[in-house]
Structure formats: structure tokens, C-alpha cells
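Residue numbers (this note's numbering), protein chains in the order written: chain Y, 449 to 773; chain X, 4 to 85.
Since the hints were made in silico from the structure, they are not lab data. Please read these numbers as outputs of a predicted model, since none were measured by experiment. Among the clues, some could well be false.
Claimed, not checked - 27 Å max Cα-Cα, derived DSS-like pairs, lysine-lysine:
#1 X:LYS64 <-> Y:LYS536
#2 Y:LYS536 <-> X:LYS6
#3 Y:LYS529 <-> X:LYS79
#4 X:LYS23 <-> Y:LYS529
#5 Y:LYS577 <-> X:LYS64
#6 Y:LYS529 <-> X:LYS29
#7 X:LYS27 <-> X:LYS6
#8 X:LYS29 <-> Y:LYS694
#9 X:LYS23 <-> Y:LYS536
#10 Y:LYS456 <-> X:LYS6
Claimed, not checked - Just some of the chain Y residues that point at chain X, by a computed CB distance under 7 Å:
#11 ARG581
#12 CYS589
#13 ALA741
Said to hold, decoys possible - Okay, the calculated beta carbon distance ranges per label pair:
#14 Y:ARG617 <-> X:MET4: 38 to 48 Å
#15 X:ASP39 <-> Y:ASP501: 13 to 23 Å
#16 Y:LYS456 <-> X:GLU70: 10 to 20 Å
#17 X:GLU41 <-> Y:THR454: 42 to 52 Å
#18 Y:GLU478 <-> X:ALA28: 24 to 34 Å
#19 X:THR24 <-> Y:GLU481: 18 to 28 Å
#20 X:ALA28 <-> Y:VAL673: 23 to 33 Å
#21 X:GLY32 <-> Y:ARG546: 31 to 41 Å
Ideal placement from N, C-alpha and C gives every residue a C-beta, glycine not left out.
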Amino acid sequence: MSKDDTPKHELVIVGAGPAALSAAIYTTREDIETVLYERGVIGGLAAVTDIIDNYPGFSKGVTGLELADSLRNQAERFGAKIELGEVKSIINGGEYKRLVTDSGDVLARSVLIATGSDYMRTGIPGEEKFYARGVHFCATCDGAFYRDKKLVVIGGGNSAIQESIFLTRFASHIDILVRSKLKASEVLIKELQRFIDSGKITLQIGITPKEIVGDANGVTKVVGVNKDSKDQDFICDGVFVFIGLKPNTAFLANTKVELDARGFVITNQDFETAVPGVFAAGDVRSGATMQIASASGEGATAALRIREYLEGRTREVKNNLSAAA
Amino acid sequence: MVKNITIFTTNTCGYCQMVKTYLKAKGMGFDEVNLDHEPHRRSEAHRLSGALTVPVTVVTKTDDSQEIIVGYNLAKLAPAVN
Ligand SMILES: Cc1cc2nc3c(=O)[nH]c(=O)nc-3n(C[C@H](O)[C@H](O)[C@H](O)COP(=O)(O)OP(=O)(O)OC[C@H]3O[C@@H](n4cnc5c(N)ncnc54)[C@H](O)[C@@H]3O)c2cc1C
Chain Y
449 MSKDDTPKHE LVIVGAGPAA LSAAIYTTRE DIETVLYERG VIGGLAAVTD IIDNYPGFSK
509 GVTGLELADS LRNQAERFGA KIELGEVKSI INGGEYKRLV TDSGDVLARS VLIATGSDYM
569 RTGIPGEEKF YARGVHFCAT CDGAFYRDKK LVVIGGGNSA IQESIFLTRF ASHIDILVRS
629 KLKASEVLIK ELQRFIDSGK ITLQIGITPK EIVGDANGVT KVVGVNKDSK DQDFICDGVF
689 VFIGLKPNTA FLANTKVELD ARGFVITNQD FETAVPGVFA AGDVRSGATM QIASASGEGA
749 TAALRIREYL EGRTREVKNN LSAAA
Chain X
4 MVKNITIFTT NTCGYCQMVK TYLKAKGMGF DEVNLDHEPH RRSEAHRLSG ALTVPVTVVT
64 KTDDSQEIIV GYNLAKLAPA VN
């Protein structure tokens, strides 16, 4: 009989954002051997946000990078191991689930899906062509290239407004193109008003972006369609797109993990998916509130449910062994 | 063989942090050009990468050839520094 020497873990967490790192703090403190896989930034979307003002415990706010660092250090202090790499799929295999990663397969008795979500694209002409040469999705990464330049931001939700406010430290002027109406929190809208009053930001309501136009040097304008169905030009040097988020669940396509119509993972109240031993927490979960505090809370709760699951499994395996003896 | 590595970064860029984390974990040294501290070098990063983004990692080999990696892209970064 050939021996399977695939590495075995008690818990593999897919992702290392706030939900994942919070879960890891709990599981490692319970002595559950825990490995996280992260394909992007440790700290997830929180790490690419400039200032977080509503995470409890930081009365003066905290930068995304600082919060990410603290969460990471705390999880590692208790023994969590973070691998830099991507989980490509999960194969349900009874007691152990097989995870296919870009550095080889691993087996896990339990899995926590905490893969969050990513920015959606508009799909309009020019977006792909000028990607990173005038079209951007990360203000904290690319804003610095637009000192004293004119920008367009596409989107009207919390992210679009928060990122526009961040970009005012670089840009000379920002047009925010909003298709229907602003969907941001009252606090953000109040802050935005200061920049509208100072002339730094102009809200362009009822504009549907149609095309991003440019030349060899980069972007020159965004063409939008206004309420009267007329084309309107917005002259700019760069465009930042924040039109919402889509869940990172493509890697679950061939699994029995159930997804809702928008692709978010469906769980029961114990954060367990349709596959026993596979849990989900944070922004990737159907019904999540898309906040760092709630993602952390979900991670912590899922960790405690995972502990119960692993304890149950241990009892079950021991009972089966003694029954077979 | 790698002769030296330079990373163009900014203060707020999470992906820059990841390139540094990866190189540190491999025990590799690097020079950092922080564009918030040295804004006049933005055009250099742009010229090298053709992109208006950070991180830009410039890996210079012992034969003075250069590999330029735009963004945090392990599939390109790992072979370039190994
Ligand atoms: C611009 C912006 C501003 C925000 N501001 C605030 C704020 O002020 N306050 C607040 O509370 N919330 C804010 N949020 C929301 C907050 O960032 C999220 O709710 C939170 O980060 C969700 O945490 P998470 O762990 O569920 O997912 P994420 O933070 O998205 O982390 C998931 C991680 O999983 C990784 N991953 C995905 N797929 C794979 C895979 N197959 N293999 C390995 N790794 C994978 C991703 O790379 C990512 O790092 C903001 C969001 C945005 C976009």
C-alpha cells in the first residue's frame, strides 16, 4: 500500500483578511494547528484601506496597514502559519478535505473559507486597455501618481466616497460619477460635503460611464451618458473604479459548497457550509455585513464552531475505532 | 544570480508591504524608494514599469540585465529572485 505523504493539517483557512486572522487567533489559542493561505495582501481589503475609523478599540482610528500588521502579529504569536499562495480548489474527501494550492496539495480536517471579495469592473471600453496606465482599483497604491492631476472616480457607495476623500490629498480635482444616487453612510456624506464646498470634488449624479478614452500617454477623458441620454465628457488624467464587490468564490465552482445567486457562500447559523467540516466567515458569506468588525466577529464565532466540529470528529473517530476493535 | 533589488513603494500601499514580506522571508536584501518621500522619482518608476502603480520591483542580475515586476505578482517575482 502506498503511503499518502500529502501534508495534513487540523485547520486550513483560505485567505488572511480580518475574518481569517481573527479566526486564527482563536483556533491557535485553542491549540488547533492552523495554516492560512493568502494570495494577495495579509490583512485583506482592510490592509489596502487608508484609515479605519469604525473598528472598535481605536478611538483615533487606525491605518489599514497598522491594523493588518497587528492582526497578523497576534495570530502568529499563538502559532498560526501563513503561506503566501492561492487555494485553487477544494476536493471534499470525508474526514480530510484535499485543497489544491499553487504550491501543491494539502489535506485539512476542517476548512474555513474567508476569501472576502474583490472590486468589480465596469466592463466599459478602455478599462482593460488602460489598466494601471490610467485606470485603477486601489487608491492607496496608485493615488500618489496623481499629484496635482484631475481624476474621475466611478461609483457612489462607501468605498467610492472614502477613496475619493483619500485621493483629494493628491488630485487637483475629482469628478465622482454616480449612476443613480449616493449610497454612502451619513458620516461619509458629511465629510464629502466639505470637499464639495471647497471645490475639490464635484458630484456628477445620473451619469452612466460609457467609455474611457486615452492616447499613448494614458487616459484623457471618461465619456458618460447623462439623464437626457446625451454623451458628456469628463476630462481627466486618471480613473479610479469603485462600483462594488464580487465574492472570491470562483475556486469553489466544482465543490458541493452552496452559493447564493450572487456567488456568496451559504452557511447555517454555525457558519458551516453544505459540506461538513467546511465553514465560511466574513465578506464572502451570504448575508455578511461587509465590515471589518463583523468579519472579525464572524471569524471568532466560526473558530469556536470549528473547535466543536474537530472535537466531535475526534470523538467519532475514537468511537469508530473502539467499535471496530 | 541576483545582484540587487530595488522596490518602488508608497507609505499606504499594502501590496508593497507584501513584496517586502516575501523578500525578507527569503532572507534577501533590497533597496526601497518610497515615492511619498522621494516624489521626484515617480517618473523613474513610470519609465521602468510603463505603469502608474506601485510596487515596482527592479531585479538586477549579475550580468546587469534587469527584470521588472509590476504589482505584487508572486508568479513573476519568485522566479525572478530565485
Ligand atoms: C475601499 C474600502 C474601504 C473600506 N473601509 C472600511 C472601513 O472603514 N471600516 C470597515 O469596517 N470596513 C471597511 N471596508 C470593508 C472591509 O475592508 C471588509 O469588510 C473586510 O476587509 C472583510 O474582511 P474579510 O476577511 O471577510 O475579507 P477580505 O478583507 O476581503 O480578505 C480576504 C482575503 O482572502 C484572500 N483570498 C481570496 N481568494 C483566495 C484564494 N483562493 N486563496 C488564497 N487567498 C485568497 C484575498 O486576497 C484577501 O486578502 C472597506 C472596504 C473597501 C473596499
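The hints, checked one at a time:
1. Simply put, LYS64 of chain X and LYS536 of chain Y have alpha-carbon atoms about 32 Å apart, too far for the 27 Å limit, and the pair is violated.
2. Restraint check: the Cα-Cα separation between LYS536 of chain Y and LYS6 of chain X comes to about 34 Å, which exceeds 27 Å; the hinted pair is violated.
3. Proposed proximity of LYS529 of chain Y and LYS79 of chain X is supported: the alpha carbons are some 23 Å apart, at most 27 Å.
4. Between the alpha carbons of LYS23 of chain X and LYS529 of chain Y the distance comes to roughly 18 Å, so the proposed pair stays at or under 27 Å and holds.
5. With a C-alpha separation of about 31 Å, the suggested pairing of LYS577 of chain Y with LYS64 of chain X is violated against the 27 Å cut-off.
6. Restraint check for LYS529 of chain Y and LYS29 of chain X: satisfied, since their Cα atoms lie roughly 16 Å apart, inside the 27 Å limit.
7. Taking the CA atoms of LYS27 of chain X and LYS6 of chain X, the gap is about 16 Å. The hint holds against a cut of 27 Å.
8. Note on LYS29 of chain X and LYS694 of chain Y: the hinted pairing is violated, with a Cα-Cα distance of about 33 Å set against a maximum of 27 Å.
9. With a CA separation close to 24 Å, the supplied pair LYS23 of chain X and LYS536 of chain Y stays within the 27 Å bound.
10. Simply put, LYS456 of chain Y and LYS6 of chain X have alpha-carbon atoms about 38 Å apart, too far for the 27 Å limit, and the pair is violated.
11. Here the hint on ARG581 of chain Y is kept, as its CB sits about 6 Å from the closest CB of chain X, short of 7 Å.
12. The interface hint given for CYS589 of chain Y holds, since its Cβ lies 5 Å from the closest Cβ of chain X, which is under the 7 Å cut-off.
13. About 19 Å separates the beta-carbon of ALA741 of chain Y from the nearest beta-carbon of chain X, more than 7 Å, and the hint is not met.
14. Taken as a hint, the range 38 to 48 Å holds for the pair ARG617 of chain Y and MET4 of chain X, whose Cβ atoms sit roughly 41 Å apart.
15. For the pair ASP39 of chain X and ASP501 of chain Y, the beta carbons lie near 21 Å from each other, so the given range of 13 to 23 Å is met.
16. Judged by the Cβ atoms, the range 10 to 20 Å given for LYS456 of chain Y and GLU70 of chain X is violated: they are separated by roughly 37 Å.
17. At roughly 47 Å, the beta carbons of GLU41 of chain X and THR454 of chain Y sit within the given window of 42 to 52 Å.
18. As the Cβ distance of GLU478 of chain Y to ALA28 of chain X is approximately 26 Å, the hint placing it in 24 to 34 Å holds.
19. THR24 of chain X and GLU481 of chain Y have their C-beta atoms about 22 Å apart, which keeps the hinted 18 to 28 Å range intact.
20. For the pair ALA28 of chain X and VAL673 of chain Y, the supplied restraint of 23 to 33 Å is violated, since their beta-carbon distance comes to about 49 Å.
21. Between GLY32 of chain X and ARG546 of chain Y the CB atoms are about 38 Å apart, so this pair conforms to the stated range of 31 to 41 Å.
The structure does not agree with the numbered hints 1, 2, 5, 8, 10, 13, 16 and 20 stated previously, though it agrees with the rest.
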